[in-house]
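Given next are the chains, with one letter for each unit.
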Amino acid sequence: MTTLHHCIIGLPRSGKTTFLAALWHLLNAGEVPTKLVLDKLIGDHQHLNTIVEAWRRCEEVPRTSIAAEVSVSIHVHELVTGHRAILTFPDLSGESFERQLATRCCPAAYIESFNGCGGIMLFVTADRPHDGMTILDLAPILNGFEESGRSLRGSEWGPQLVPEQVQLVELLQFLQQPPFEIRKRRVVVLVSAWDLMVGSQCAPAQWLARELPLLHQFLVTNSDSFESRIYGVSAQGGDVTGEQRKDLLRMTPSERICCIGPEPHTDDLTDPIVWLSEEY
Amino acid sequence: MSVPIVQVRCSKSECEVALTGSCVEGHDPLGSCPFFGIEAVAGFDDNGDIDVIDDLPQTGDERIVLPQGEPLNVEEVDQFLRWRGATFITIIGERDSGKTTLICAIYDRFLRGPFAGCLFAGSRTLVGLERRSHYARIDSGRLHPDTPRTSISEGLRFFHFAIRNGGIDASRSDLMLSDRAGEIYSLARSNSSILDDLVEIEKADRLVLLLDGARIAEPVEHAGALQAVRQSLRAFIDAGKIGKASRVQVITTKVDLIKRLAERSAIEESLLSFQHRLVADFAEQLAELSFWEVAARDPSGELCAAHGIDELLADWVTPRSYFIPLAELTPLIKSEFDRLLLRTRMGSFP
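Chains as they are written, first to last, in this note's numbering: chain A, 6 to 285; chain B, 14 to 363.
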């Protein structure tokens, strides 16, 4: 039996908790075939059972606050190989990562979690606003502003203004220096809300290169530190806050889940975890 | 419940900005001061507003300090060099000549994708780059891009870029781009005793002298701007800070301002004549003397963003061998070890 601790990185609203809820339902319900299956239902699953309730009702999964951060464990085995493992995931609040970047320090436990066996699940969302826009980018619009005597609402610099891709690169760069163990790590980039991209003919890796180019460059140029794969994930299957919710509620819950990655002809949410786990 | 903070504090004990609203170092606006607001550590609430970290739950867990991401001082660069080598780009220029803007322009391009055939592979100074980029961003509330000035008290700092030149598998280059207040360089060309303190000049793999295009475009400033570059170059050579192994690049910044002028051709002719004189007077004393022009951000959009900076970056990440003519070395040959040099590739250092 191997114990693997897969670490999760992601800023607020990047889909971390929703992914865990969908994964927990998928493994428990056995509604669709998956590469990983639940091995034993032992341990404390209170947090997973709480978040999965909202997921099953097609409601927005409650965000994890800093006070509610927990680590969850799931006993699984791989169908093809029979390999058994205990997967543990920390369900960290996105604010924890922002806090780490603002204060430039982290708990010792965070470092220990990255120094153990396991890979990294890095979450970004396809449903994101543009950030880091420059004045030159909007020069034609701003010229009109100036002529009409209007001004923009601005603020002094603070860490909260750092673009998402820069924050994620910084979080990964921390792992390349002590006190983190210097070694090669597997990283899956999970682009959540991938249902927004249906019909776009854009592969997850192309999306990352287009939308978060600094992060994409960093991952491909640091192959000595990170071996990466990129997946598009829709853990809810669509927009649960709008009209689509009614259609989603009529579906078998596991069939709402979509996971597009390098593996052909599969929609299996456990694919990224199987790949993260296979080097151990 | 969290209490919003107003960041009016400064980490410098002698600064009374909280009382007077004025920065002791004269930074205007206040946010451009690197020490401003540092005492108040910002966190976030659910709405993205700034909160006091003290209000967050205290876990009692030991907290480990992580790299700060600010520009590196000399000691930090030394520490970096014990890990891996770096190419030093020393950027010299008067106040407002565009030193920091040049660095920010490179960063801005990498935020958008590969640049100059290079891929971004990391930076130890992301926070510093972000801080310096703020006035060029919409979030600043400005209508015209600007760059905070580097203050004298900051001393010598370096911005770091790790780059792979030519693709994923290409070798990695680490660039250290110097940043120091322009006032110091103005002083140094008037008083050569200061040059000994400017360690970045001797350390330079490329010595970049900025010729301020905004001053070149102004008739009243034109001659002074040219003379500042010439005098700097001469002072560095005469003091022995640069020599036969030095690669000097004279870069005219803000060329968009020159290209828009009615008297553009006359100014360009004057620049060409200036360059010819520099070559005639100094080129033989250097390994290389080249001339470049850039426009980091042309507000008219006629020139592409980071115009000319792509060629410059491509040059910086291209390794050069240091060749010192044998005639220069001959007097130094005294021992059998020295003679080994003669049996190598005629004094060509790797």
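Since the hints were derived computationally from the structure, they do not count as laboratory data. Note that the Cβ used here is the ideal one computed from N, Cα and C, for glycine as well. Don't take each hint at face value.
[Claimed, not checked] Label-pair ranges, simulated between beta-carbon atoms:
id, chain 1, residue 1, chain 2, residue 2, range
1, B, Pro232, A, Ala208, 34 to 40 Å
2, B, Glu88, A, Glu268, 44 to 50 Å
3, B, Val87, A, Gly247, 52 to 58 Å
4, B, Gly126, A, Asp44, 55 to 61 Å
5, A, Leu43, B, Gly314, 44 to 50 Å
[Claimed, not checked] Just some of the chain B residues that point at chain A, by a computed CB distance under 10 Å:
id, residue
6, Leu79
7, Arg125
8, Gly130
9, Asp152
10, His157
11, Asp159
12, Arg162
13, Ile165
14, Leu169
15, Ala183
16, Ile280
Range hint compliance [Cβ, valine 87 (chain B) to glycine 247 (chain A), 52 to 58 Å]: holds, 57 Å
Verify the CB-CB distance for leucine 43 (chain A) and glycine 314 (chain B) against the hinted window 44 to 50 Å. violated, 58 Å
Hint check: 10 Å Cβ-Cβ cutoff, glycine 130 (chain B) to chain A: This interface hint is violated because 12 Å lies over the 10 Å limit.
Between proline 232 (chain B) and alanine 208 (chain A), does the C-beta distance stay in 34 to 40 Å? At roughly 56 Å between Cβ atoms, alanine 208 (chain A) and proline 232 (chain B) fall outside 34 to 40 Å, so the hint is violated.
Minimum Cβ distance from leucine 79 (chain B) to chain A below 10 Å? At 5 Å from the nearest chain A Cβ, leucine 79 (chain B) passes the 10 Å test, so the hint holds.
If you take the shortest Cβ to Cβ gap from isoleucine 280 (chain B) to chain A, is it below 10 Å? Result: violated, 24 Å to nearest chain A Cβ.
Is the interface hint for isoleucine 165 (chain B) satisfied, with its Cβ closer than 10 Å to some Cβ of chain A? With a closest approach of 21 Å, the isoleucine 165 (chain B) hint is violated.
Does aspartate 152 (chain B) hold up as a contact with chain A if the rule is Cβ-Cβ below 10 Å? With a minimum Cβ separation of about 5 Å from chain A (threshold 10 Å), the hint on aspartate 152 (chain B) holds.
Restraint satisfaction for leucine 169 (chain B) [CB to CB of chain A, less than 10 Å]: violated, 22 Å
Hint alanine 183 (chain B) vs chain A: min CB-CB distance below 10 Å? holds, 9 Å
CB of glutamate 88 (chain B) to CB of glutamate 268 (chain A), is that within 44 to 50 Å? Holds, since glutamate 88 (chain B) and glutamate 268 (chain A) (Cβ atoms, about 48 Å apart) stay within the stated range.
Was the hint right that aspartate 159 (chain B) lines chain A, CB cutoff 10 Å? holds, 9 Å
Hint compliance for this structure: hints 1, 4, 5, 8, 12, 13, 14 and 16 are broken, all remaining hints hold.
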